[in-house]
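Asker: When you get a sec, could you build the whole thing from the sequences and use the hints?
Residue numbers (this note's numbering), protein chains in the order written: chain A, 1 to 830; chain B, 1001 to 1072.
Restricting the straight-line Cα-Cα distance to at most 30 Å, the calculated cross-link-like pairs of lysine-lysine (DSS-like) are: (1) LYS650/A / LYS640/A; (2) LYS271/A / LYS1015/B; (3) LYS1015/B / LYS240/A; (4) LYS601/A / LYS629/A.
No lab work stands behind these hints: they were computed from the structure.
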Amino acid sequence: MSSQTLLVALAGQPNCGKSTVFNMLTGARQHVANYPGVTVEKKVGHFRTDSRRVELVDLPGTYSLSSYSLEERVARDFILHDRPDVIVDVMDASNLKRNLYLALQLLEMEATVVLDLNMMDVAERRGISVDHAGLSKHLGVPVVPTVGKAGVGGKDLKRILDEEAEKPNKASYKIDYGTMEPFIQKMQDQVVSAMQLPETYPHRWVALKLLENDAEVLRLATEDPKSSETLTRDIEQLRKDFQEETGTPAERHIAFARHRSCAAICRDYMKLPEQKRASLSDRADKFVCNRFFGPLLLIAILFVLYEVSIVFGGWLAVKVWPVWGAVEAFAAKVLPQAGFLEDPLLRGLGVWVVKSTTAILNYLPIFFLLFALIAILEDSGYMPRMAFILDRLFRRFGLHGQSTLPLILGGVYVGGCAIPGVMATKAIPDERARLATILIVPMMNCLAKVPLYLILIGAYFPEHGGLAMFFIATVTLFMALPVAKTLSLTVLGKRESAPFIMEMPPYHLPTVTGVLRRAFERIWLFLKKIVTVVVAVAVVIFVLINFPGLSEKREASYQAQQEAVVGKFMKVVDKTSYKGELLPADVPEIVLFADRLKNAKRGLTDKSAAAAVNKSFEQANPIYYAVVKRKGADGKKLNKAFKKVVKTRKKLRREMRAERFESSFLGVLGRALEPVTKYAGFNWRINIALLSAFAAKENSAATLGSIYGIDGSGSVQESMKAGETGFTALHALALMLFMALYPPCVPTSIMVRMQSGSNKWMLFSILYQTLLGLGVAVLVFSGGKMLGLSGLQAMWGFYGLCVAATVIMALIPDRSAQKADIGKTCKQNC
Amino acid sequence: MTLDELTPGTGGVMKDLTAEGALGQRLMDLGFYPGATIKIVRNAPLVDPIELELDGYHVSIRHDEARHVEVE
Chain A
1 MSSQTLLVAL AGQPNCGKST VFNMLTGARQ HVANYPGVTV EKKVGHFRTD
51 SRRVELVDLP GTYSLSSYSL EERVARDFIL HDRPDVIVDV MDASNLKRNL
101 YLALQLLEME ATVVLDLNMM DVAERRGISV DHAGLSKHLG VPVVPTVGKA
151 GVGGKDLKRI LDEEAEKPNK ASYKIDYGTM EPFIQKMQDQ VVSAMQLPET
201 YPHRWVALKL LENDAEVLRL ATEDPKSSET LTRDIEQLRK DFQEETGTPA
251 ERHIAFARHR SCAAICRDYM KLPEQKRASL SDRADKFVCN RFFGPLLLIA
301 ILFVLYEVSI VFGGWLAVKV WPVWGAVEAF AAKVLPQAGF LEDPLLRGLG
351 VWVVKSTTAI LNYLPIFFLL FALIAILEDS GYMPRMAFIL DRLFRRFGLH
401 GQSTLPLILG GVYVGGCAIP GVMATKAIPD ERARLATILI VPMMNCLAKV
451 PLYLILIGAY FPEHGGLAMF FIATVTLFMA LPVAKTLSLT VLGKRESAPF
501 IMEMPPYHLP TVTGVLRRAF ERIWLFLKKI VTVVVAVAVV IFVLINFPGL
551 SEKREASYQA QQEAVVGKFM KVVDKTSYKG ELLPADVPEI VLFADRLKNA
601 KRGLTDKSAA AAVNKSFEQA NPIYYAVVKR KGADGKKLNK AFKKVVKTRK
651 KLRREMRAER FESSFLGVLG RALEPVTKYA GFNWRINIAL LSAFAAKENS
701 AATLGSIYGI DGSGSVQESM KAGETGFTAL HALALMLFMA LYPPCVPTSI
751 MVRMQSGSNK WMLFSILYQT LLGLGVAVLV FSGGKMLGLS GLQAMWGFYG
801 LCVAATVIMA LIPDRSAQKA DIGKTCKQNC
Chain B
1001 MTLDELTPGT GGVMKDLTAE GALGQRLMDL GFYPGATIKI VRNAPLVDPI
1051 ELELDGYHVS IRHDEARHVE VE
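Answerer: Here it is as structure tokens:
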């Protein structure tokens, strides 16, 4: 008996029920991370067999082990470099032939393989029977039938793992490659033996991969500059010789031979039913993929998704808010006390960081619902159908049928969130389309952009509010689509574009535990990655908007105003019986006392509880209490004066904040940018508001509010209109369009980095959107001014321009499609 | 004839593959090989791509990819 941990890898093709087997074996003891350096998810779980501790690593689901896709490379590298003790290959028993294709490749890698014949229930239902004992004998490895979903066969699997750990099988199954065998031998003798290979690389497998022209193994062969040239020549020669002798390219011969072996094995060990009847999935697809019902159902599903996650989720977020409000209140309580005019640094910073975090946490209910709904869509098998229905439309713009979901989540109409949108791009199998989608999702209208739209529309398009809202809600898509096409033709042109071909698996009924598990997993991942960074960025922004701070002269001026108002209060005190008991130093204390009392009673609906709070405060300081609660004749007199103090304090604090803001690093930057941004119609005040929005877009409205100084009386739109004379609807339009194209906020940028796997793409997405937004704003503002257009005319002129750009971009053919054409003409000419 | 020329409801047995590189590999990995039975199930609502049944499971493929599969 060994006490060492057994490393087991779980391999399998997509849709073979691999995750159900993973859950059956590990239960709740699992965690998700990424494979180093790539965006592929790596699930690791632990469990015990009778005598061992097992670490189970879930490999990405792949049809094959070539080096064409990232997932396949990841799976292959794990097998070759991490050398798992055992590989469990999960196979869909109802789809044995295709699943054997991967199994045979694993056997060729000469690893210790256990075959898990999963989904036996489905096979049985379809009348398919598999002779697993015969199969095991033929292949020389254990075969274990299971039903992962129902937890059947888990014990057997664990027992077999123990046996394999004691006495590992060395798979010796060899596919007969017929006419290629001499070439394989030659490749092994001439090339493989001359290569400096890690000992985990089986020689016959390397020879086969070289004949297949596998890019990764080829790179290994040409690593050594001394032998690189000869080896490359030898490999090329052997491939050429084979093709000349047989008339088939080597890689095709290899794949075909493997498939023929799979077919032969199935003929011997699998029985199909006499008569195949249409499965439930086939019948369902008649409607789901129908020319008329299909798109309708798709729209209905997307509508429900939007309603549940964004609308209902938004409602839920409001209901959950008191929790985050309590966190904020708690932070405000434990941090150092507020001052009369200025708060201690630690308090200012602490409150700012907590508020930045709760602003994101506020979206948690929306995210959770979204993740759960996406898990349902994924598990049910609807995703490929969605791609099937919409592929043709999106392909014209360099996107993929599965770009729909990320765009909807990002807010194709109004009100989404780019974070889950970018997160959902994970499902897109085409690298180029995936990146294009990641780059345009932040251009959708997320919830946080809406307040600014509302302010601007309310102030400058009051008569055409509905139209203006429709404009900004729909124009974003007509801007994003041409941009996507442009990106995929230019910067993304060299990225891998995968063929579309995909499996349309049978429908599955998602399980509650499966869906919840996935939703929690993703929420957890989100919290871990995002919240830490948001905290760090909040600190940086805090410094940028608060420092260097006010000049001594201005500080003194505010100080004088404070003293003046306190003096007025003291004059009233002198007329009461509290004369001599209340000193000027008490005034700030009373203000804080009143705040504390208000906070203590917040949310209390019960009268007796409120009375108890009142009583305890009265006991703590009867004089303060009298002033705050207007107790007695003196209390009433003083309360009137006290209210004036509170109001002045509020005003002074707001003015100081605005002034600090304007003279801060960010404010200086806003002014410095004015010479450029004036062509877009933005003055330095707008610049500051826009700069502050980078942390979170909600800030733009809040910042405008504090710049223009709102204090309950009058809305931001009114004070903005009053504060910005000479501001026209054209200015507002340019600003709205800039906001629509605004670079992704910090949490979204982090998500972009995660999903694209590089800082480079994150920076690119920030930079190109800034420049694009500025370009569009300049075009609309300066262009509109030159032509003498009104805001409304410029709006529809620009709309027409975008629609035209979309149509033109749709008609430009993709380069990869052209390549395929060249291939065909070449074939015809040959 | 090539796969993209078939209409929904018809089918055939795969004869050869003319795609190279990633497309060829992907086709082969998903189970396209000489001798496989293929039946066209339906067109997408916008005509392209097509859904087909390949040896008992369903695969969707674009017309310009299907061109590289020869059937009889």
